[in-house]
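K.L.:
Sequence positions in the sequence shown follow the numbering used here and run 32 to 573.
Hints were generated in silico from the structure; no laboratory data involved.
Remember, it's a predicted structure, so these values are computed and weren't measured experimentally.
Wrong hints could be hidden among the right ones.
Claimed, not checked - Below, a list of computed lysine to aspartate or glutamate pairs in the EDC-like style, where the Cα atoms sit at most 20 Å apart:
#1 Lys-428 to Asp-396
#2 Lys-284 to Asp-134
#3 Lys-551 to Glu-568
#4 Lys-463 to Asp-533
#5 Lys-384 to Asp-412
#6 Lys-199 to Glu-189
#7 Lys-384 to Asp-457
#8 Lys-284 to Asp-314
#9 Lys-463 to Glu-418
#10 Lys-463 to Asp-412
#11 Lys-41 to Asp-208
#12 Lys-504 to Glu-475
#13 Lys-551 to Asp-564
#14 Lys-559 to Glu-494
#15 Lys-551 to Glu-475
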Amino acid sequence: MHKFVDGLAKRPANYSSLTPLSLLERSARVFPDRIAVIDDDAELSYRVFFHRCRAMASALIRLGITYGDTVSVLAFNTTELLESHYSVPMAGGVLNALNTRLDAATLRLIIEHGEARVLFFDTEFEPLIQEALADSDAAPTLIAIARGAGQSTLTRLEYEALVANADKGIEARPVRDEWDALALNYTSGTTDNPKGVVYHHRGAYLAALGNAMAMEMTVDTVYLWTLPMFHCNGWCCTWAVTAVGGTHVCLRKVEGAPVLDRIHRHGVTHMCGAPIVLNMLLDEFGANGVVLPTTVQFALGGASPPSAVIQRARDIGFDISHLYGLTETYGPATLCVRQSDWVELPLEGRARKMARQGVGLYAIDGVAVAGDGPGDCAPADGRTLGELLLRGNTMMKGYLKNPAATDDVMGDGWFHTGDLAVMHEDGYVEIKDRIKDIIISGGENISSQEVEEVLYRHPDVAEAAVVAMPHPKWGETPCAFVHLRESGGSPDSAAIIRWCRDNLPHYKVPTCVVFGELPKTATGKIRKNALRDRLQETSSRS
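Start from the sequences and build out the full structure, keeping to the hints where you can.
P.N.:
Structural data, given as structure tokens:
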């Protein structure tokens with residue numbers, strides 16, 4: 032045997048599985064009396080936060096949850112959803128936080144595909160849950176979170192009652208292996224339906240610590256939940272804030288007045304969100320002459336901020352950091368790390384630097400731009416386009432029940448993002464376009480193919496193509512180009528939009544419909560680049 036192997040085995044004294052559950056246990060031990068969670072109806076210390084999570088884990092075990100069982104949650108950014116990030120894996124389960132913007136059909140698909148054994152739901156969503164589970168052959172056990180909408184008529188099981196009456200003799204289950212599944216998050220979906228992205232304990236632990244470092248979180252951090260916790264488990268900030276002993280400030284719905292109230296009342300230091308959230312706050316705060324009492328760090332995902340937005344944000348009191356990531360990468364994978372000499376640049380120059388997606392976060396081993404041949408990388412010249420490639424410890428395990436799709440995106444040793452990028456001389460990557468025609472609206476991904484499929488089902492539509500259109504509020508929204516059948520009727524824009532609203536989640540519905548023949552290549556493919564150019568020309572003339 033090798034000298035550094037013989038007698039040097041893993042033991043309980045020198046090895047344990049990495050898991051974000053240990054982060055809560057540590058903070059409860061080190062900061063028992065610090066405020067962990069502030070919600071509309073309660074403030075919880077870390078001691079109480081930890082005990083509530085343990086109690087719910089015991090309740091789930093008593094309900095039959097065991098290793099590998101899926102537990103879904105449909106709730107806003109409240110204490111209960113935050114606690115589920117700990118209680119569910121404490122019971123050995125896998126957390127599936129559901130997008131609150133989905134329609135009943137998509138929710139049913141996800142619940143059935145993920146084989147949810149238990150479903151927590153805010154009673155505000157009771158009609159949606161009832162529709163989603165109608166005539167289901169494998170409906171999960173329902174647990175109501177009784178909030179503003181009152182008691183449930185679908186189930187007798189209620190969240191707070193389960194916590195209060197939990198069997199204290201039932202111990203939380205230990206994490207057996209850091210590679211075990213921790214969370215299941217669904218992508219926004221394509222014509223092939225949403226994909227279930229599986230996270231492991233190790234990745235979530237490393238992502239949490241990496242994000243805490245990247246966002247400069249400390250024990251004094253007060254984090255306001257303007258980012259949905261269902262979105263990549265809140266970019267793993269559900270665990271990152273806990274790791275440093277900071278305070279989570281819950282927020283059911285993002286509106287200007289409640290955000291400003293919490294910033295003033297609780298001394299908020301950190302926020303995250305999509306451009307739509309930042310723009311909404313800047314518009315409302317700017318119109319009312321608001322200047323924040325202290326600087327708030329705002330981690331911005333999605334589209335890069337233009338110089339005017341950066342300046343407006345600074346005038347109000349937000350300091351922007353630009354992040355890039357995907358559901359498959361636990362949220363943030365790269366960060367535009369600011370260099371000290373950028374301060375000396377004029378605003379436009381700083382904006383150009385900050386527009387880049389940057390460098391890999393701490394658990395990312397590699398960021399590259401694909402070259403022409405297999406295994407080749409594009410030169411770092413800031414001009415040569417190629418697909419953005421990533422690899423590291425915060426890549427998903429894979430897609431649930433879809434090994435072919437998993438191999439397709441990770442089979443060659445890199446994760447293929449589907450985004451086109453360039454690599455700059457200083458090692459900072461910048462995304463230039465999307466290979467797949469994904470529209471990012473309000474921070475949510477919309478597949479143009481999914482919208483096109485619905486349009487093609489309209490009896491009067493002969494051809495359809497959907498591209499991203501700039502929108503002052505949402506960043507981007509779908510614009511549908513439609514060619515009608517000569518033998519059909521003559522629906523107007525409103526009729527087409529109504530058709531889409533009846534068949535899609537509302538945030539995926541086109542906000543504009545343009546009628547006419549569609550430009551095509553010599554092989555008959557629709558030229559989406561020409562449609563984008565047409566939109567750009569129209570926008571520049573307006």
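K.L.:
None of the hints should be skipped; say for each whether it holds.
P.N.:
Right, here's what the structure says about each hint:
A hinted pair counts as satisfied when its Cα atoms are at most 20 Å apart, and Lys-428 with Asp-396 qualifies at roughly 16 Å. Between Lys-284 and Asp-134 the alpha-carbon distance is near 18 Å, which keeps this suggested pair within the 20 Å criterion. Among the hinted pairs, Lys-551 with Glu-568 is consistent with the structure: their alpha-carbon atoms are about 19 Å apart, no more than 20 Å. Between the alpha carbons of Lys-463 and Asp-533 the distance comes to roughly 34 Å, so the proposed pair goes past 20 Å and is violated.
Of the supplied pair hints, the one linking Lys-384 and Asp-412 holds, its CA atoms being roughly 15 Å apart against a limit of 20 Å. A hinted pair counts as satisfied when its Cα atoms are at most 20 Å apart, and Lys-199 with Glu-189 qualifies at roughly 18 Å. Using a Cα cut-off of 20 Å, the hinted pair Lys-384 and Asp-457 holds, with the two alpha carbons roughly 11 Å apart. Taking the CA atoms of Lys-284 and Asp-314, the gap is near 17 Å; set against the 20 Å cutoff, the hint holds.
The hinted pair formed by Lys-463 and Glu-418 meets the criterion: a straight-line CA distance of about 10 Å does not exceed 20 Å. With a C-alpha separation of about 14 Å, the suggested pairing of Lys-463 with Asp-412 holds against the 20 Å cut-off. A hinted pair counts as satisfied when its Cα atoms are at most 20 Å apart, and Lys-41 with Asp-208 qualifies at roughly 13 Å. Of the pairs offered as hints, the one joining Lys-504 and Glu-475 holds, with about 13 Å between alpha carbons and a cut-off of 20 Å not exceeded.
Restraint check: the Cα-Cα separation between Lys-551 and Asp-564 comes to about 14 Å, which is no more than 20 Å; the hinted pair holds. Of the supplied pair hints, the one linking Lys-559 and Glu-494 holds, its CA atoms being roughly 13 Å apart against a limit of 20 Å. Restraint check for Lys-551 and Glu-475: the C-alpha separation of about 29 Å exceeds 20 Å, so the hint is violated.
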